[in-house]
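J.: Kindly produce the complete structure, drawing on both the sequences and the hints.
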Amino acid sequence: MAANSVNVKTENTNTARSIGTRRGRLSDQIARGIFFVCAVLVVVIIFGVFVFLGINGLQMFKDPAARNFFTSSSWDPSADSPSYGALGFILGSVVTTLLSIIIVAPIGFGMALYMTEMAPRWVNALLRPLLEVFTGVPSVVIGFLGLVVLVPWIANIAAPIAPSAANAGNGWAAATLILVIMILPTVVSVSIDALRAVPDSVREASLALGSTRWQMMKDAVLPAAATGLGTAIVLGMTRAIGEALAVSMVLGGDIHLPAKLLTPSVLFQPNINITNAIVLYFSEASGTERNGYFMLGFVLLIISFLFICVSRYIASRSVYK
Amino acid sequence: MSAQQQISTSVESDERQRLLSLERLTQRLHLKNNIASGILALITLLGALLFILIVIKVLWDGIPYLINPDFYGSTGTGTVGQQIFNTLYLLILSEIILVPIALAAAIYLVEYARQGPLVTVIHFAAETLAGVPSLVLGLFGYLVFATVLHLGLTRLTGTLTLLCLNFPVALRLFEDALTSVAREQREGGLALGSTKWHMIRTVVLPSSLPGIITGIVLSAGKVIAEAAALIFTMGSSNPSNVYTLNPMISTDNLTIHIWYLKTVGAGTIPDNVANAVSAGSAALLIIILLVINIGSRSIGRLIQRKVMAA
Chain F
11 MAANSVNVKT ENTNTARSIG TRRGRLSDQI ARGIFFVCAV LVVVIIFGVF
61 VFLGINGLQM FKDPAARNFF TSSSWDPSAD SPSYGALGFI LGSVVTTLLS
111 IIIVAPIGFG MALYMTEMAP RWVNALLRPL LEVFTGVPSV VIGFLGLVVL
161 VPWIANIAAP IAPSAANAGN GWAAATLILV IMILPTVVSV SIDALRAVPD
211 SVREASLALG STRWQMMKDA VLPAAATGLG TAIVLGMTRA IGEALAVSMV
261 LGGDIHLPAK LLTPSVLFQP NINITNAIVL YFSEASGTER NGYFMLGFVL
311 LIISFLFICV SRYIASRSVY K
Chain X
1341 MSAQQQISTS VESDERQRLL SLERLTQRLH LKNNIASGIL ALITLLGALL
1391 FILIVIKVLW DGIPYLINPD FYGSTGTGTV GQQIFNTLYL LILSEIILVP
1441 IALAAAIYLV EYARQGPLVT VIHFAAETLA GVPSLVLGLF GYLVFATVLH
1491 LGLTRLTGTL TLLCLNFPVA LRLFEDALTS VAREQREGGL ALGSTKWHMI
1541 RTVVLPSSLP GIITGIVLSA GKVIAEAAAL IFTMGSSNPS NVYTLNPMIS
1591 TDNLTIHIWY LKTVGAGTIP DNVANAVSAG SAALLIIILL VINIGSRSIG
1641 RLIQRKVMAA
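Just so you know, the sequences run in chain order F and X.
If you count by my numbering, then the first sequence holds residues 11 to 331, one letter each, in order.
If you count by my numbering, then the second sequence holds residues 1341 to 1650, one letter each, in order.
Do not rely on the hints blindly, as some may be mistaken.
Stated by the list, open to error - Rough simulated footprint, nothing fancy, chain F against chain X, three-plus residues with beta-carbon under 8 Å:
no., stretch
1, 1408-1418
2, 1423-1434
3, 1503-1514
4, 1568-1579
Unchecked claim - Across the chosen pairs, the derived CB separations fall in these ranges:
no., chain 1, residue 1, chain 2, residue 2, range
5, F, R131, X, I1436, 36 to 46 Å
6, F, I40, X, P1610, 13 to 23 Å
7, X, S1350, F, A218, 29 to 39 Å
Keep in mind that the hints were calculated from the coordinates and are not lab data.
Think of the CB as a built atom: it goes at the ideal place given N, C-alpha and C, for glycine as much as any other residue.
T.: Below you can see the structure in the form of structure tokens.
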């Protein structure tokens, strides 16, 4: 009898446990499903970005007047015979991006080299947080600072060679310098990661062969970190080409590319780029013009996508990660 | 003079010359090394000075306005009380939406998903999304949330756009936080017979809390700083009363306000007032970001100590 009751008891706890387990299993399954949906959401979003911008942008080519999008630099949607040439905008973005990365790359690599190879600890303790703050600094703050400090300063210096002294501060030169400030922290941070990834054995081997510290950096560390530094450049360019408000605040241009493109003065007069055009005119545009701004956004999207692909390709070839 | 002597002197002078040239080489290398070190130090000094001067300039110009309590009012020109409220509102609403979704996605990628094409695709998608310019995401938000979903230019549309913008960033940070938990801890939990989800809740999430908090705080910084994605999705002006929790109204925030005053809305209020408001708001934003960046480290450390002690 006594043995029997013990038996019943164990059976009871057994069923209770199995119910508990079943409930656990079920909640496990549900949780897993929810997590899966959230993870796939990233793919859905990026897919949606391409599809929606692509469809709306490409619709502009239904309008025969828009056929010159990639062949002309005259953007004048409100003219009697409207023209939708976007080359001027694209040129603006490309020029400012290239100029800024040319300035940023040596400075960024130099800072990263100093901070990883030479700096005393307190310099890093001070600079790393500063760089982190600056990677996230609002672009309007930099833009505002550019307007009140940089633009008057450039105007003073460049007034003699600019076509109009009054707004010599606006334009590609100011935009380039703004971009330098905005992408330098990114380039330095990524470069530091790239240099840190080079194992110390590389440095020690080079020093053991009798090289000076500079030879060690130049001939051992930099080549070993080349792919990582390449990624830093590409990521910097990705940020630069998409930067909108800060650049748009100092560009000061509307829709017209300056007439004389091959003189230095082109840098020191109100000028245009892709983001500036979208920021200024998108909200009041309609019809083909509106689709044109979507198309400009789509062009930006494609360019940044290509940059990301290139940076992934470079990163996949790196030896040290 | 014998031939032998001649040979020995020439060997000696050869030796001396070799030594001399080696010495010169060493000197040249050391000189080069010193010059290069000097240049690198100088570049770093100038770069650091640039950043420090920018911070000082923004604070110097803005703090005189910040200490004036009228600056935080909501009536009259030159006040930003409404914009501060909007920024905080947007921050909280977008964190409420962002954190659960990004955390769930991170949990799936770290705990459940097998290494394979799906994970690669998701990571590639996240990386691509992180590289999309915020202005382009603003256009996307306008198309999808405002137009297709008929939400119009509202706080909700802005929040959803910010979700797209911050999702990949938060996902990355949360993934890092989760992977930092040791495998033995997980196996211990599973060996005690808990299901995976139970193990995640009781073992992984508590011990990765510092990293998760850091992720939340850093994405908060991005929400506060963002403007380009919001001007087409949330609007750039305020209704008469912004102090409601209604997500279906169109408002601005601090960053949009600065941009608006200096570009599209230039001339709506006197130029010196616009400059004053912009300078003050810029200083306020910089202070918030400094606090967030320093705070995220110390909060993370503090929590870590608490968790470790418990």
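J.: State for each hint whether it applies.
T.: Each hint, compared with the structure:
| no. | hint | in the structure |
| --- | --- | --- |
| 1 | 1408-1418 | violated (count 0) |
| 2 | 1423-1434 | violated (count 0) |
| 3 | 1503-1514 | holds (count 4) |
| 4 | 1568-1579 | holds (count 3) |
| 5 | F:R131 with X:I1436: 36 to 46 Å | holds (40 Å) |
| 6 | F:I40 with X:P1610: 13 to 23 Å | violated (59 Å) |
| 7 | X:S1350 with F:A218: 29 to 39 Å | holds (35 Å) |
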